[in-house]
Amino acid sequence: MADPIKKITMLGDSSSGKTCYVWGMYAAMSNNRHGFSMIATDRDEHSRLHALWEGLVNETGEDRWPSPTDQALTYAFEFCDGYKPIIQFEWLDYRGSAMSDQSDAQDVEELRNYISESSCLFLCISGEHLREKVTSVNLAKVLINTKASIMGGHLAYLSQTLKAQKRKIFPIVITLTKYDWIDRPQAELIEDVKQLFPPLFAENSDWLVMICPTSLGRELAQDRNSGRIEPKNLDLPVVFALFSILRESFLAEHKRWKEIGEELENLENGWMRVLNRGKIQKKQQEEESSQKKFQETRKQVRILGQELDHDLIYIYWRGKRIRINPEDFC
Amino acid sequence: MCLWSIIVYGRTYEADYRLLAIPVDFTPEDVNWAKNYIKATTRKPEQLPGNPRWSLFKNQKHCVIGVTCNLKDLISNPALAVDKESRPIHVFVGYVIKVDKNNKLLYLDIPHYADNISLFQPAYNYVKSQWLVKPYKLRIKPQTPRFQYIQRPLGWDDRTNSQIHRNFLLNMDVHKVGLWPNSYQSKWIILENACSFVEHYETVSLCLGMPTQNDVSESPFLNATVPGVNDRAIVDRVNHLANNAGSQANRRKAQYKQNRIHFEERISGAVIGVIIWGAILFNWMVIAIILGGLFGCIIVVLYQKCRIWIKKPKIPIDSNKAK
Numbered sequence: 222m223a224d225p226i227k228k229i230t231m232l233g234d235s236s237s238g239k240t241c242y243v244w245g246m247y248a249a250m251s252n253n254r255h256g257f258s259m260i261a262t263d264r265d266e267h268s269r270l271h272a273l274w275e276g277l278v279n280e281t282g283e284d285r286w287p288s289p290t291d292q293a294l295t296y297a298f299e300f301c302d303g304y305k306p307i308i309q310f311e312w313l314d315y316r317g318s319a320m321s322d323q324s325d326a327q328d329v330e331e332l333r334n335y336i337s338e339s340s341c342l343f344l345c346i347s348g349e350h351l352r353e354k355v356t357s358v359n360l361a362k363v364l365i366n367t368k369a370s371i372m373g374g375h376l377a378y379l380s381q382t383l384k385a386q387k388r389k390i391f392p393i394v395i396t397l398t399k400y401d402w403i404d405r406p407q408a409e410l411i412e413d414v415k416q417l418f419p420p421l422f423a424e425n426s427d428w429l430v431m432i433c434p435t436s437l438g439r440e441l442a443q444d445r446n447s448g449r450i451e452p453k454n455l456d457l458p459v460v461f462a463l464f465s466i467l468r469e470s471f472l473a474e475h476k477r478w479k480e481i482g483e484e485l486e487n488l489e490n491g492w493m494r495v496l497n498r499g500k501i502q503k504k505q506q507e508e509e510s511s512q513k514k515f516q517e518t519r520k521q522v523r524i525l526g527q528e529l530d531h532d533l534i535y536i537y538w539r540g541k542r543i544r545i546n547p548e549d550f551c
Numbered sequence: 002m003c004l005w006s007i008i009v010y011g012r013t014y015e016a017d018y019r020l021l022a023i024p025v026d027f028t029p030e031d032v033n034w035a036k037n038y039i040k041a042t043t044r045k046p047e048q049l050p051g052n053p054r055w056s057l058f059k060n061q062k063h064c065v066i067g068v069t070c071n072l073k074d075l076i077s078n079p080a081l082a083v084d085k086e087s088r089p090i091h092v093f094v095g096y097v098i099k100v101d102k103n104n105k106l107l108y109l110d111i112p113h114y115a116d117n118i119s120l121f122q123p124a125y126n127y128v129k130s131q132w133l134v135k136p137y138k139l140r141i142k143p144q145t146p147r148f149q150y151i152q153r154p155l156g157w158d159d160r161t162n163s164q165i166h167r168n169f170l171l172n173m174d175v176h177k178v179g180l181w182p183n184s185y186q187s188k189w190i191i192l193e194n195a196c197s198f199v200e201h202y203e204t205v206s207l208c209l210g211m212p213t214q215n216d217v218s219e220s221p222f223l224n225a226t227v228p229g230v231n232d233r234a235i236v237d238r239v240n241h242l243a244n245n246a247g248s249q250a251n252r253r254k255a256q257y258k259q260n261r262i263h264f265e266e267r268i269s270g271a272v273i274g275v276i277i278w279g280a281i282l283f284n285w286m287v288i289a290i291i292l293g294g295l296f297g298c299i300i301v302v303l304y305q306k307c308r309i310w311i312k313k314p315k316i317p318i319d320s321n322k323a324k
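So the sequences go chain by chain: A and B.
Under this note's numbering, think of the first position of the first sequence as 222, with each following residue one higher.
Under this note's numbering, think of the first position of the second sequence as 2, with each following residue one higher.
Derived by calculation from the structure, the hints in this document are not laboratory data.
Keep in mind the model is a prediction, meaning the values are calculated, not measured.
Be careful, since some hints might not be right.
[Stated by the list, open to error] Below, a list of computed lysine-lysine pairs in the DSS-like style, where the Cα atoms sit at most 30 Å apart:
hint	chain 1	residue 1	chain 2	residue 2
1	B	138	A	415
2	B	177	A	362
3	B	36	B	177
4	A	476	B	177
5	B	135	A	354
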């Protein structure tokens, strides 16, 4: 049976850069290194996304920017290894204020449901609000402007939902968009971001969190209408999300392979093995295909892990910064 | 002259998309009804500059005629057509007329289609006062201003006895969509016909300039002009999402279930056949043999289950250690 389609949700306020991020990310992921690629399952959507990105890169003036999003739009993507689809996932782009509105609006309910069904959550923070160092004096203002408090609320509800449904918690990516607005040391900025979501970085926190600064172009903070588009880090958050999804599949497949092996052993050692010949043969085939699948997944996880094994990538687990070690998957 | 109220949907300088004006008698159901149509007209907003989308939709209570466009195309001050981040804003601006109990409009002075959308400008003027409203204020006390039905000197023609163009009959079947060429002439005639249809039908809907056929299929509109359509076509409403990969797994699952049911039915049929023929030909002897075999099989299966259960390891396998 085909794997269920994964869902990724990007939470962020209106004008935090969610729509532009999807366009840029799609362009960046279309031809990723190491033979990976991403493609929209709907060909028309593929053409549209490329055309919109082209407009953003080539146009100047106010018209280069997209209109604010007023309705939820779901993009269906396929992540491929050598053009062979390995993960299907959906990405929800929605009206930013739906995150803060009350549930009487239809899209608010839709967004909340989508969050609870997701496999990875992106929190989108605009760099415009983090130009200055976060202190006790301006913390309240920064929390309001970035909508970090509202996102924190969503995380708390999500945590309860996952617990009630006995589901595993999933990775979180804090995407710092419009990084071009920030002119201060990256380490200081990361510490400031951590202050906005303290529960995610607590010692007893099980959330795997990545903080990733992204930008569409360093000239844009000075000149948004004609500054050059030079995307930076747009693919890394998605690579991390896909890495996490694939790692889960790898672990699940490995577990399955071991279970099949044990069942096979039981069958082969029993006194009824002659009668069970057909069943043994079937199990042997299952074991072989499971082994092949987990080895394939291990290779893909290792390659994606290599992209994340970088000094400038900040991944945290239980309050500590960790590094993805591709050797773990050798 | 008709009594018209207004309906406006759009974004303001800081606050996100919402209804900025509704008629005084709109219930929450009416709001949802209108919003579904309006949101369908705002799909692919990147195509809106210079291409306003006219729409007309009617149910047993109200009839709305409006236009979805970039605000820059509607008002003269460009500074008031972009949000705080200088992003272009699109709006839906429309007029609403009440339909009386007998499903009749007393007077029908709906405008003719035109490139010029200035006739919708007066409706937008009513909501300009909301331009600087703060988003948090809307969250504390959400409210949409309501407007009375009044006579508006819009200078439109009375269409009560207008002629129907036989070659442009609108689709009225909810399971289908009527697709029409997107030329000026086609838009003009279809809107004229729609004006005649609203007199006689409870539900009529039309959007002039939908981006694609899929967008029409996924919308509540029964008719639309679409770029690339050369000739009138009435096609089945296909849920485009069902064709997406998103539901492929579900469809495969359903297909598998269906096949499984067929397979089980065939097996049951074969078993019944074997029993009947066996009883006739071999005077119950074969049936006794088959039953004996089945009984033996059940004993073996039960034994195997017990053996696996006894031998099952008690310590869970830690998959994290596997490398």
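Each hint tested on the structure:
Proposed proximity of residue 138(B) and residue 415(A) is supported: the alpha carbons are some 29 Å apart, at most 30 Å. For the hint pairing residue 177(B) with residue 362(A), the CA-to-CA distance comes to about 52 Å; that exceeds 30 Å, so the pair is violated. A distance of roughly 21 Å separates the Cα atoms of residue 36(B) and residue 177(B); the hinted pair therefore holds under the 30 Å criterion. This hinted pair does not check out: residue 476(A) and residue 177(B) have alpha carbons roughly 49 Å apart, beyond 30 Å.
Between residue 135(B) and residue 354(A) the CA atoms are separated by roughly 26 Å; this keeps the pair inside 30 Å, and the hint holds.
Of the hints listed earlier, those the structure fails to meet are numbers 2 and 4, in rising order.
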